[in-house]
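Enquirer: In case you want the letters, here they are:
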Amino acid sequence: AQRVTQPEKLLSVFKGAPVELKCNYSYSGSPELFWYVQYSRQRLQLLLRHISRESIKGFTADLNKGETSFHLKKPFAQEEDSAMYYCALPIMNTGFQKLVFGTGTRLLVSP
Amino acid sequence: EAQVTQNPRYLITVTGKKLTVTCSQNMNHEYMSWYRQDPGLGLRQIYYSMNVEVTDKGDVPEGYKVSRKEKRNFPLILESPSPNQTSLYFCASSPTSGRYNEQFFGPGTRLTVL
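Quick mapping for you: the protein sequence lines, in order, are chains A and B. For the first sequence, the positions run 1 to 111 when the working numbering is used. For the second sequence, the positions run 1001 to 1114 when the working numbering is used.
Think of the hints as simulated: they come from the structure by calculation, not from any bench. There may be inaccurate statements among the hints.
With a straight-line cut-off of 16 Å between C-alpha atoms, the simulated EDC-like cross-links for lysine to aspartate or glutamate are [claimed, not checked]:
1. B:K1069 <-> B:E1030
2. B:K1018 <-> B:E1079
3. A:K98 <-> B:D1059
4. B:K1071 <-> B:E1053
5. A:K9 <-> B:D1038
6. A:K98 <-> B:E1079
7. A:K15 <-> B:E1102
8. A:K98 <-> B:D1056
9. A:K57 <-> A:E32
10. A:K15 <-> A:E32
Chain A is nowhere near these chain B residues, computed Cβ spacing over 12 Å in every case [said to hold, decoys possible]:
11. P1008
12. K1071
13. S1082
14. T1096
For every residue, glycine included, the Cβ atom is placed at its ideal position computed from N, Cα and C.
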């Protein structure tokens, strides 16, 4: 079954510390993965996607097909990074996209 | 401003009283979708729509209906709400249903069914 797993509900770090939010997936085809972020009192928005190979707000994510992972990393966390982070896997079903989300990880960055 | 809007933002209702949550986008997107967000479960897709008059079930469609009579609107209908439909609901849209497309989300509707 297609599934996205985010094992940590809460990740608490101090400002300046490295951050890694874990995401593992189960998908039989060639995966395309996203990270979405929800800041307090804001709507859910795209942070980055695998296909773009980009770094957004200092965050990067590498797709590891061997480990079926797409962990989100940042070398030095900032207080403004505190938010809810969701890993998402688009699945094509009869030509239409379904987006499967993980359960989310709340990142709390303390001063 | 390009955006997805939802109304109402907050709603408290009673069991069995039909309600509709509206969703509208002004970006001429073909693809629209509804999700519910519950603690510990993340976001789960309720229904989605590829284009006008084309809809399909997501993972948790029971108790919900949708319609897509116009490209910009995708209302979510609860014919007979029950307490287990108390949740935070998000509407989203994207240009097409392609795998690489970003989905743009509305601000959410918090529904409480008593």
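Enquirer: I'd like to know which numbered hints this structure contradicts. Please list them from smallest to largest.
Expert: Hint check: 6, 7, 9, 10 and 14 fail, others pass.
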